[in-house]
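Just need the whole structure built from these sequences, with the hints factored in.
The lines below spell out each chain.
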Amino acid sequence: MRNGTTSARTVLVGAVTGQARYVALGAVLSAGHQAGEAVVPVLIGVVIDRAVGAGGVLDLLVWIGVVALTFAALSAGFRLGARAGERAVEQAAHRLRVAVTRRVLDHRGGLTAGHLPGALASVATSDAERVGMVNLALATGAGALVGLGVGGVALVAVSVPLGLLVLGGAPLLLWLARLLGGPLERRSHAEQERAAYASGLAADLVAGLRVLRGLGAAPAAAHRYRQASRDSLAATVRAARARAWHDGVLLAATGLLVAAVGLVGGRLAAQGEITVGQLVAAVGLALFLLGPLSLVSWVNAEFSQGRASAARIAAVLGAPPGTPDGTAPPAEPVRGRIALHDVHSGALQGVTLQVEAGTLLGIVTTDPAVADDLLRCLARHVDPERGSVELDGLPLRVLDPAQLRRVVLVAPHQADLFEGTVLDNVAAPVVAGAAAPAPRNPAPVTGGDDPLAVPAVRQAIAAADVTEVARALPDGLHTRLTERGRSLSGGQRQRVALARALAAEAPVLVLHDPTTAVDTVTEARIAEGIREMRRGRTTLLVTTSPALLARADRVVLLDGGTVRADGRHADLVRDDPRYRAAVLT
Amino acid sequence: MSGGDTTGLLPTATGAQVRAALRGLLRPHRPLAVGAFGLLGAATAVGLLTAPVLGRIVDLAVAGRPAGDVTAPALLLVAIAVVQGVCLASGQSLTARLGEQMLAELRERFVDRVLDLPLGTVERAGSGDLTARVSGDVTVVAEAVRTALPQLARSLLTIGLTLVALVALDWRFLLAALLAVPVQLHTVRWYVRRARTLYARQRVALGALQQQLLDTIGGAGTVRAFRLTDAHLARVGDRSRHAVDLTLRGVRLMTRFYGRLNVAEFVGLAAVLVTGFLLVRAEEVSVGTAAAAALYFHNLFNPLNAALGLVDDTQSAAAGLARLVGVSRLPAPTWAGHRGGSAAAGQTDEDAGPPVAAEAGAGLRIEVKGLCHAYPSGPEVLHDVSFTVAPGERVALVGASGAGKTTLARLIAGIDRPSGGGMVRLGGVPVDELGGQVTGRIVALVSQDGHVFAGPLADDLRLARPDATDEALRAALDRVGALDWVTALPDGLATVVGDGGHRLTATQEQQLALARIVLAAPPVVILDEATAEAGSLGARVLESAAERAVAGRTSLVVAHRLSQAAAADRIVVLDAGRVVETGTHDELVAAGGRYAALWSAWSGNRV
Numbered sequence: 001m002r003n004g005t006t007s008a009r010t011v012l013v014g015a016v017t018g019q020a021r022y023v024a025l026g027a028v029l030s031a032g033h034q035a036g037e038a039v040v041p042v043l044i045g046v047v048i049d050r051a052v053g054a055g056g057v058l059d060l061l062v063w064i065g066v067v068a069l070t071f072a073a074l075s076a077g078f079r080l081g082a083r084a085g086e087r088a089v090e091q092a093a094h095r096l097r098v099a100v101t102r103r104v105l106d107h108r109g110g111l112t113a114g115h116l117p118g119a120l121a122s123v124a125t126s127d128a129e130r131v132g133m134v135n136l137a138l139a140t141g142a143g144a145l146v147g148l149g150v151g152g153v154a155l156v157a158v159s160v161p162l163g164l165l166v167l168g169g170a171p172l173l174l175w176l177a178r179l180l181g182g183p184l185e186r187r188s189h190a191e192q193e194r195a196a197y198a199s200g201l202a203a204d205l206v207a208g209l210r211v212l213r214g215l216g217a218a219p220a221a222a223h224r225y226r227q228a229s230r231d232s233l234a235a236t237v238r239a240a241r242a243r244a245w246h247d248g249v250l251l252a253a254t255g256l257l258v259a260a261v262g263l264v265g266g267r268l269a270a271q272g273e274i275t276v277g278q279l280v281a282a283v284g285l286a287l288f289l290l291g292p293l294s295l296v297s298w299v300n301a302e303f304s305q306g307r308a309s310a311a312r313i314a315a316v317l318g319a320p321p322g323t324p325d326g327t328a329p330p331a332e333p334v335r336g337r338i339a340l341h342d343v344h345s346g347a348l349q350g351v352t353l354q355v356e357a358g359t360l361l362g363i364v365t366t367d368p369a370v371a372d373d374l375l376r377c378l379a380r381h382v383d384p385e386r387g388s389v390e391l392d393g394l395p396l397r398v399l400d401p402a403q404l405r406r407v408v409l410v411a412p413h414q415a416d417l418f419e420g421t422v423l424d425n426v427a428a429p430v431v432a433g434a435a436a437p438a439p440r441n442p443a444p445v446t447g448g449d450d451p452l453a454v455p456a457v458r459q460a461i462a463a464a465d466v467t468e469v470a471r472a473l474p475d476g477l478h479t480r481l482t483e484r485g486r487s488l489s490g491g492q493r494q495r496v497a498l499a500r501a502l503a504a505e506a507p508v509l510v511l512h513d514p515t516t517a518v519d520t521v522t523e524a525r526i527a528e529g530i531r532e533m534r535r536g537r538t539t540l541l542v543t544t545s546p547a548l549l550a551r552a553d554r555v556v557l558l559d560g561g562t563v564r565a566d567g568r569h570a571d572l573v574r575d576d577p578r579y580r581a582a583v584l585t
Numbered sequence: 001m002s003g004g005d006t007t008g009l010l011p012t013a014t015g016a017q018v019r020a021a022l023r024g025l026l027r028p029h030r031p032l033a034v035g036a037f038g039l040l041g042a043a044t045a046v047g048l049l050t051a052p053v054l055g056r057i058v059d060l061a062v063a064g065r066p067a068g069d070v071t072a073p074a075l076l077l078v079a080i081a082v083v084q085g086v087c088l089a090s091g092q093s094l095t096a097r098l099g100e101q102m103l104a105e106l107r108e109r110f111v112d113r114v115l116d117l118p119l120g121t122v123e124r125a126g127s128g129d130l131t132a133r134v135s136g137d138v139t140v141v142a143e144a145v146r147t148a149l150p151q152l153a154r155s156l157l158t159i160g161l162t163l164v165a166l167v168a169l170d171w172r173f174l175l176a177a178l179l180a181v182p183v184q185l186h187t188v189r190w191y192v193r194r195a196r197t198l199y200a201r202q203r204v205a206l207g208a209l210q211q212q213l214l215d216t217i218g219g220a221g222t223v224r225a226f227r228l229t230d231a232h233l234a235r236v237g238d239r240s241r242h243a244v245d246l247t248l249r250g251v252r253l254m255t256r257f258y259g260r261l262n263v264a265e266f267v268g269l270a271a272v273l274v275t276g277f278l279l280v281r282a283e284e285v286s287v288g289t290a291a292a293a294a295l296y297f298h299n300l301f302n303p304l305n306a307a308l309g310l311v312d313d314t315q316s317a318a319a320g321l322a323r324l325v326g327v328s329r330l331p332a333p334t335w336a337g338h339r340g341g342s343a344a345a346g347q348t349d350e351d352a353g354p355p356v357a358a359e360a361g362a363g364l365r366i367e368v369k370g371l372c373h374a375y376p377s378g379p380e381v382l383h384d385v386s387f388t389v390a391p392g393e394r395v396a397l398v399g400a401s402g403a404g405k406t407t408l409a410r411l412i413a414g415i416d417r418p419s420g421g422g423m424v425r426l427g428g429v430p431v432d433e434l435g436g437q438v439t440g441r442i443v444a445l446v447s448q449d450g451h452v453f454a455g456p457l458a459d460d461l462r463l464a465r466p467d468a469t470d471e472a473l474r475a476a477l478d479r480v481g482a483l484d485w486v487t488a489l490p491d492g493l494a495t496v497v498g499d500g501g502h503r504l505t506a507t508q509e510q511q512l513a514l515a516r517i518v519l520a521a522p523p524v525v526i527l528d529e530a531t532a533e534a535g536s537l538g539a540r541v542l543e544s545a546a547e548r549a550v551a552g553r554t555s556l557v558v559a560h561r562l563s564q565a566a567a568a569d570r571i572v573v574l575d576a577g578r579v580v581e582t583g584t585h586d587e588l589v590a591a592g593g594r595y596a597a598l599w600s601a602w603s604g605n606r607v
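Chains as they are written, first to last, in the numbering used here: chain Z, 1 to 585; chain F, 1 to 607.
Please keep in mind that the hints were generated in silico from the structure rather than gathered at the bench. Even glycine gets a Cβ: it sits at the ideal position worked out from N, Cα and C. Any given hint could be a false lead.
[Unchecked claim] Pairwise CB distance ranges (calculated): (1) Leu-253/F x Trp-298/Z: 19 to 25 Å; (2) Arg-193/F x Ala-453/Z: 45 to 51 Å; (3) Arg-21/Z x Val-164/F: 46 to 52 Å.
Take a look at the structure:
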């Protein structure tokens, strides 16, 4: 799961060092706050001694003034320290969130299999947040240690043995807390895995809600969620029990420290080595120390959870890529000639195929698995086990994937649309292309932000018959889509996705069954539109639709994993019984 | 959806509704609650003994007793520490169990209701809102339950007992201490007013972030192919930054809140010290008593701030809770009471209602009469649609994209209600009167949006019939021609499929959908482009699979491939939301109308 460069440790260290300024600021201010809190009981003693006991109104006013100043200082320290600490938390979490998203979207792939989208989203939100919390824990922990220090110094000023007792006992508590933190960390890990599974399951069931409702299977789904929820409940209860005992033991240990101070201090006072006033101060300070000590226990728990979350983030960030990176740029100028040499990959059993630049090639497969594996090779989601796929004479595996995608666009069959208007979706690749100019320059964006000013967008909308889709929508092309376009029908969604693929004007475009959910009349119109718009550019159409194949320059038939026939649609229909069987019903 | 905030698409509960729901959740766990809070109370009470025992040590020193006398109270302190630790640990773990159980029941009820929500509502609200509720809100509420609840209990106990101790010294000390209360009340009111809107906005921002992450991660393949990575990273970045900004505004508000509470602390402490000064001058109390009063008040700082600070946690938890309870309060689905899976999907005639059950064996009649429908703020999609499908008959629904076929299928399956009047009857009973559960059992709709549920393949199939044996699953797969490839999967029926699992082809996904129909065995089946997505090769496989799956049932097949229409008993042609032709294939071809034109376009390609 992990490679050498990304471990839980590097994730944690990166989260902290990335926000070092705010963590340090938070630590200093929080230290000021804690020091102020430590001074308050001492000041109370002074007010009692100098004003209430022996002084006059003026003494009282002066010392209450000092108390007021102390309060102002400790309050400011808390306010600003907490803000700095929380800023460090949120900014670190934000960066991790973006890093996780970046890794998921990495062009080398290799991650989306093996993780539910809901679980990955939870890594990007909850886990990022928990790692970020380590920053606040660090700042607060530093402040708590300073509070302990100030309290300890004040105690040493009262009595050396008492001070040493507290200063020796506190690290012992820290050690004990660390010892108890280990099992908590493991429990926390299990708890989060189960919780992620339960929430991933809920998201999956919600995503499949149409299927469940269509089937009347909602009760069974609810029952299944209940079981996952019960599993999650059992895990969280176990984790909570571990945490409760951790807290309880720490509280008891803290109480034992106070008892020790009472015993030693009491003996010293009884023997006359310290005054009664000093004993009162010592007891007040020991009680004060409970605050920073319990903070230490909180900090410790946050560290444990942060480490568990960091491990999950590291597993995502460090997931090995699906295909190794190439570095070469595509040959200039891009011509768009595609060649397959004896390609073996999955169901492909030695495919050899030359596609001249500018050809509209139809590819018919008798086995859907062949089509899928061919597309995966062309998109370079996998490298062939044997043989090679070439673009203008260069194997895909030596090319820089980002530049390869710019030249060869393999439009996924599954038409995932995104939030935004219909027009936003169609124009998305044009806008993205304009941001990073392609070698083959896309049409210049004129007329400001209006995507319709781009000829390719207008042509693509017409070619894919999105004009007709828009007519049926309340706001036409400006209708907003919800939930990856689920508000559209399958046919509508498919046409918007096709328009998007055409609008990109990639030198090589690979389409997979782009019109399966469209009626035959419309399909014929779209086939003509595709042909018009792709004139002069290479297009591979993986389909068995006669309407599309009839407009191809050339068609090949893949059967049994290899090329079995090659020619024009009309000729193949006439001469090749296998082709006829594959294409005509 | 009575009461509560209905401006959002999914309901949010009011405070009173949340409280009522909590009481309902607590009721079955009363003994656990008593035990949990009893133990926490004991921990607090024992902890409060620390101060007097330390005072006892002071007294011994003042009295000049030998050093050895200190040992006994010190041992008492040890005992206090141990008892307090044990009581806290067990109390806290019981509280967690209580809270987690209530929470689990709440989120299960929530998911029950979500699965019962009208599809249109879910589609408009977006699954991100639901996901944020079921993961984010659940976490916030769980945190509150695990930390806020025990802390609040302990703080309130400490405050109460300390105030009693203060009165015991002199009642005027209590009056002085109460001077802090107006400042505290004002601060809390100031805070709650601002926090409510801010937290609401923060929640919305987090929901939007979650939705964007699901969109981007779920569509990662498309994002990569179209090189939209930068645009999507920017979207995620923007939404994340917006959420971060609101969170930091919340932090500023929270720190100002505590800053004001510091003022209250100072006012109270100064008042107690001045009171001590005056009372000592008047020789009404000793210096020691004044010191004790000041120390007592100082000891109140932490529990007071903790209790008031829980307003913060309570706010976010209440917001989360309101969103969970809001959905949970929707009327219970009829199946929600069923605990067992087999009972939930049980096919007792009693549940189905006698008029329907009587006919169920031979398939049911579908009657569609004068159906008119428009989506909210959209043009009318169906106009006065009427036709009938006889029991056991297979009717094909034909029309261009956007003619309203899918809408009609959803109305017949009872997923949407006709907005413009008209009626659908199944087996003579209006769909409205059947209720969701019965409808779901009588009529199955295979829609274009296939979904393979993440997990073992057998689990996916068992959603259709939870009590099916492996043999029954295999038989169903065999019926739709899927047994061979399922057997060839790495772990057979146990192979993990769906998101993150073994990849299935489009044809295989559709076969799975048909196998579910075979298992669910409803009298009425509606296939909406179930064979369309797979390409014509897969389509042939699926057409025969579908034929076997619907054999003996009343079926309505939404057909884009006219070969399917030609094979049906009868054809209904839909154009722009109206029924324009009805008849057998031969009749319609002979009539030379819409269908004949479509047929010639279709068969023309094939010559």
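Here's how the hints hold up against the structure:
Distance hint check for Leu-253/F and Trp-298/Z: the Cβ-Cβ separation is about 22 Å, which falls inside the suggested range of 19 to 25 Å. Hint check: Arg-193/F to Ala-453/Z, Cβ distance near 48 Å, so the stated range 45 to 51 Å holds. For the pair Arg-21/Z and Val-164/F, the beta carbons lie near 48 Å from each other, so the given range of 46 to 52 Å is met.
Hint check: no violations occur; every hint is consistent with the structure.
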